[in-house]
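**Student:** Sequence:
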Amino acid sequence: HIITIEDPVEFVHKSRKSLIKQREVGMHTRKFDNALKAALREDPDLILVGEMRDKETVNTALKAAQTGHLVMGTLHTNSAVKTIERILNLYNADEQNAMRVAIAESLVAIVAQGLCRTTDGKRAAFHDILINTEAIKDYIRKGNYDEIVELMSQNEFDGMITMNKSLFNLYQEGRITEETALEMSPTQNEMAMMLRGRI
Numbered sequence: 415h416i417i418t419i420e421d422p423v424e425f426v427h428k429s430r431k432s433l434i435k436q437r438e439v440g441m442h443t444r445k446f447d448n449a450l451k452a453a454l455r456e457d458p459d460l461i462l463v464g465e466m467r468d469k470e471t472v473n474t475a476l477k478a479a480q481t482g483h484l485v486m487g488t489l490h491t492n493s494a495v496k497t498i499e500r501i502l503n504l505y506n507a508d509e510q511n512a513m514r515v516a517i518a519e520s521l522v523a524i525v526a527q528g529l530c531r532t533t534d535g536k537r538a539a540f541h542d543i544l545i546n547t548e549a550i551k552d553y554i555r556k557g558n559y560d561e562i563v564e565l566m567s568q569n570e571f572d573g574m575i576t577m578n579k580s581l582f583n584l585y586q587e588g589r590i591t592e593e594t595a596l597e598m599s600p601t602q603n604e605m606a607m608m609l610r611g612r613i
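Per the numbering used here, the sequence shown starts with residue 415, numbered consecutively.
The set of hints was computed from the structure by calculation and includes no laboratory data. Don't take every hint at face value.
Said to hold, decoys possible - Here are the computed distance ranges between Cβ atoms for each label pair:
1) H427 with E564: 44 to 50 Å
2) R531 with E509: 16 to 22 Å
3) L484 with V515: 18 to 24 Å
4) N511 with A452: 26 to 32 Å
5) T491 with N511: 20 to 26 Å
6) E470 with H490: 15 to 21 Å
7) D572 with N511: 46 to 52 Å
8) V426 with E564: 26 to 32 Å
9) V426 with D457: 33 to 39 Å
10) R537 with H427: 32 to 38 Å
11) Q586 with A452: 19 to 25 Å
12) N506 with S567: 27 to 33 Å
As the list claims (entries may be wrong) - Listed below are the simulated DSSO-like cross-link pairs for lysine-lysine, each with C-alpha atoms no more than 27 Å apart in a straight line:
13) K435 with K469
14) K536 with K477
15) K556 with K496
16) K496 with K445
17) K477 with K496
Where is the CB? At the ideal position from N, CA and C, for every residue including glycine.
With the hints as extra help, turn the sequences into a complete structure.
**Tutor:** See below:
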């Protein structure tokens, strides 16, 4: 049983192997938060929140996750760490410590994605993938975001990867140019060092 809450519904999914209910903000519900609260009463296996724009929606999504529901949400950010920071910036300074703990305990993973032009004129995705290991949980609780990025770059065996490493892999495969790798990189100095073999 899958429930999506979107603004707008971009693709209509057919119920084949799962029951899929799609709700559109403005048509079926007034706000993401209201739809999310209603969804919890329907015993869903998965809740997709199309956009986590406000504090109320994040609070309800976290409560759903803390009660055992699988919740997926989207945010417009350019890295996994920026996603955490963006969520925390919705809260006052005195609320952020409690939110770091809640995020650390509820989070499974964050995937940030970008698209870049390839050498053959098509597009390729590059990713920032954060898996919430015990070490990552500890860094989130403490607010040590630089350490999270460092750990991500060292732990590809856990399924983690940074955007720079993902771009570098595309460059090594000959799918993108050096210029594209630099242009799309969130940290261009680090990418320049990777391209010159210094990292």
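**Student:** Just pull the numbers of the violated hints for me, sorted ascending.
**Tutor:** Result: hints 1, 2, 7, 8, 9, 10, 11 and 14 break, sorted rising.
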